[in-house]
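Visitor: What follows is the residue order along each chain.
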Amino acid sequence: MHLLEVKQLRKSFGKIDVLKDISFSLDRGKTLALIGSSGSGKTTLLRCLNFLETADGGSILVNGETVFDAAQKGSISEEVIRQRRLHFGLVFQQFHLFPQYTVLENVKLAGQLLARAKPDYRGHAAQIERELDDTARSLLDKMGLSERVDAYPYMLSGGQSQRVAIARALALQPDVLCFDEPTSALDPELTGEVLKVIRELACQNTTMVIVTHEMGFARDVSDYVIFMDQGVICEEGTPDDVFNHPRQERTRLFLRHYYEQ
Amino acid sequence: MQLFLEQLPVVFQSLNIGFLQTLKLFIVTLISALPLGLLICFGSISKLKPIRWFCHTLIWIIRGSPLMIQLLIVYYFPGLVLHTPLWGGGESGRFMAAALAFSINYGCYFAEIYRGGIQSIPIGQEEAGLVLGMTRRQIFWKIKLLQMIKAILPPMSNEIITLVKDTSLARIIALQEIIWAGQAFMKGSQNISGAIWPLFFTGVYYLVWNGCLTLFFRWLEKKLSYFR
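Chains as they are written, first to last, in our numbering: chain U, 26 to 286; chain A, 10 to 237.
If you are wondering where the hints come from, they were derived from the structure by calculation, not from laboratory data. Each residue gets a CB set at the ideal place from its N, CA and C atoms; glycine is no exception. Hints should not be assumed to be uniformly reliable.
Claimed, not checked - Chain A is faced by these chain U residues, among others (derived, beta-carbon under 7 angstroms):
#1 N75
#2 L77
#3 H121
#4 A135
#5 Q137
#6 L138
#7 Y179
To be verified - Below, computed lysine-lysine pairings styled on DSSO-like, alpha-carbon distance capped at 27 angstroms:
#8 K58(A) / K153(A)
#9 K153(A) / K40(U)
#10 K45(U) / K98(U)
#11 K33(A) / K174(A)
#12 K98(U) / K32(U)
#13 K98(U) / K58(A)
#14 K174(A) / K231(A)
#15 K45(U) / K32(U)
#16 K55(U) / K167(U)
#17 K56(A) / K98(U)
#18 K143(U) / K151(A)
#19 K58(A) / K40(U)
#20 K143(U) / K153(A)
#21 K151(A) / K56(A)
#22 K33(A) / K196(A)
#23 K55(U) / K40(U)
To be verified - Just a sample of chain U residues kept apart from chain A, beta carbon distances all over 10 angstroms, derived:
#24 K45
#25 T79
#26 Q97
#27 Q108
#28 L122
#29 P144
#30 I153
#31 E156
#32 L157
#33 T160
#34 E214
#35 L215
#36 R224
#37 L278
#38 Y283
Okay, chain U solo, but in the shape it has when bound (with noise of 0.2 angstroms):
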């Protein structure tokens, strides 16, 4: 069974279609790249799978488990999405930290309220407590930031504050981890301790969805690339089959505008 199945998603803003029949299914502990030219739908896609968009069709599955089924948007209420939507973890790409929280506290904060709110956590608060903290520490470890735990967001270079960005999205263990255009608002020179612990990611197995414009990230971290263009699925296979040997005219242009930069 596959972890993620997307089936017919489809979204459109007015009259523009921005998502048209999209499917796509991903297996667990691989990796997925989008890529494709801007206003291709790409960010819609992810933003869907975020709940931060709600689809007008189509059904998102994850673990077999109908998460998401347009026949019945609008039934579903504020705090079942609340629930269903941490099946995914969404990295920005602006990071989006929370300036008045430290780094630590950053990471810790979402999974505190979600602990607080369930009822055993009266009687093993300074255990739960202290399990977030030493979570948050070791993913802040693995990021390479144990340095920086007690800096407020804004001491951060934008690698500092996207690996921190990462570590909070990975301290809720989401079943996927999808990524917006992660580098697209650093430096050059920073996007390379990124794209590192993304890697590292893939790796581990960590399931991911990845909208880039790093083609050759895309190529070495993928297992299978999706090019977008249009609201439609232009080309899908894995790295190799797309970047070597695309079939479609479309993709050949995309990737050549690439190579010639």
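Starting from the known structure of chain U, fit chain A onto it as the hints suggest.
Guide: Structure of chain A alone, referenced to chain U:
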């Protein structure tokens, strides 16, 4: 000089009493207008059209007309037009009328400042909270509120300092605040008449009090400068 020194303690005592009334109006207005403003602010960005429309109209009327006229209407309209004197004739009635007019007026100004603060927070903060499984309430209390307070502190301190000086408008309905107390010595009070310096001297009270507030807001801004 001799005369001045004789007048001084009498004038001081009188101005102190007047300033106490000024201070009372300031504090009561602040305590009621701060939450009222939040209510009007939420109303003005509400999803319900009638509520939004009502709040926008209220803000337009209150900000678009002089506070002095609002004071006169609140104080005199019930008695003179509706023939149901709401406030009674005494100082406490004048105070309540003034406090009501000031609270509504400043509530509307605060509402606009709050709205600016809420809208200054990038949408990404809310989205980051959402994808981390937070409820809207948690996002407001744990993420947005402090950022909002930090953002509105400069315009808020500006408005609050203006409020201190605006309390003098309550003189128009004869509230016995500090301007009223200073003016009394021109017409004649406690064997002093034709003295204009007490009225001028009231300015020092405003200056000192606003100086204290300025220091307080500076301290608060510094407190919140640990993040950006």
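Visitor: State for each hint whether it applies.
Guide: Each hint tested on the structure:
1. N75: holds (5 angstroms)
2. L77: holds (6 angstroms)
3. H121: Holds - the Cβ of H121(U) comes within 7 angstroms of chain A, reaching about 4 angstroms at its closest.
4. A135: Holds - the Cβ of A135(U) comes within 7 angstroms of chain A, reaching about 4 angstroms at its closest.
5. Q137: Where the cut-off is 7 angstroms and the nearest Cβ of chain A is about 10 angstroms from Q137(U), the hint is violated.
6. L138: holds (5 angstroms)
7. Y179: holds (4 angstroms)
8. K58(A) / K153(A): Status holds; Cα separation ~24 angstroms.
9. K153(A) / K40(U): Given that 27 angstroms is the threshold and the Cα spacing comes to 33 angstroms, the pair is violated.
10. K45(U) / K98(U): holds (18 angstroms)
11. K33(A) / K174(A): holds (13 angstroms)
12. K98(U) / K32(U): holds (15 angstroms)
13. K98(U) / K58(A): holds (24 angstroms)
14. K174(A) / K231(A): Holds, at about 25 angstroms.
15. K45(U) / K32(U): Since the Cα atoms of K45(U) and K32(U) sit roughly 11 angstroms apart, the hinted pair holds (cutoff 27 angstroms).
16. K55(U) / K167(U): Holds: K55(U) and K167(U) sit about 20 angstroms apart, inside 27 angstroms.
17. K56(A) / K98(U): It holds: about 20 angstroms lies between the C-alpha atoms, which stays within 27 angstroms.
18. K143(U) / K151(A): holds (18 angstroms)
19. K58(A) / K40(U): Distance of about 25 angstroms is within 27 angstroms: holds.
20. K143(U) / K153(A): holds (23 angstroms)
21. K151(A) / K56(A): Answer holds: K151(A) to K56(A) is near 23 angstroms, not above 27 angstroms.
22. K33(A) / K196(A): holds (25 angstroms)
23. K55(U) / K40(U): violated (35 angstroms)
24. K45: holds (24 angstroms)
25. T79: Holds, because the least Cβ-Cβ distance between T79(U) and chain A comes to about 13 angstroms, which exceeds 10 angstroms.
26. Q97: Consistent with the label, Q97(U) stays out of reach of chain A, its closest Cβ about 20 angstroms off (over 10 angstroms).
27. Q108: Nearest chain A Cβ is 8 angstroms from Q108(U), so the label is violated.
28. L122: At about 8 angstroms from chain A, L122(U) fails to clear the 10 angstroms cut-off, so the statement is violated.
29. P144: Its Cβ never comes within 10 angstroms of chain A, the nearest being 17 angstroms, so this holds.
30. I153: For I153(U), whose nearest Cβ neighbour in chain A is about 16 angstroms away, the distance exceeds 10 angstroms, so it holds.
31. E156: The claim holds: E156(U) sits with its nearest Cβ about 17 angstroms from chain A, beyond 10 angstroms.
32. L157: holds (13 angstroms)
33. T160: Holds, because the least Cβ-Cβ distance between T160(U) and chain A comes to about 14 angstroms, which exceeds 10 angstroms.
34. E214: Label holds. Min Cβ-Cβ 23 angstroms, cutoff 10 angstroms.
35. L215: At roughly 19 angstroms from the nearest Cβ of chain A, L215(U) sits farther out than 10 angstroms, so the non-interface label holds.
36. R224: Since the minimum Cβ distance to chain A is about 23 angstroms, R224(U) lies beyond 10 angstroms and the statement holds.
37. L278: holds (33 angstroms)
38. Y283: holds (28 angstroms)
Of the numbered hints listed earlier, those contradicted by the structure are 5, 9, 23, 27, 28.
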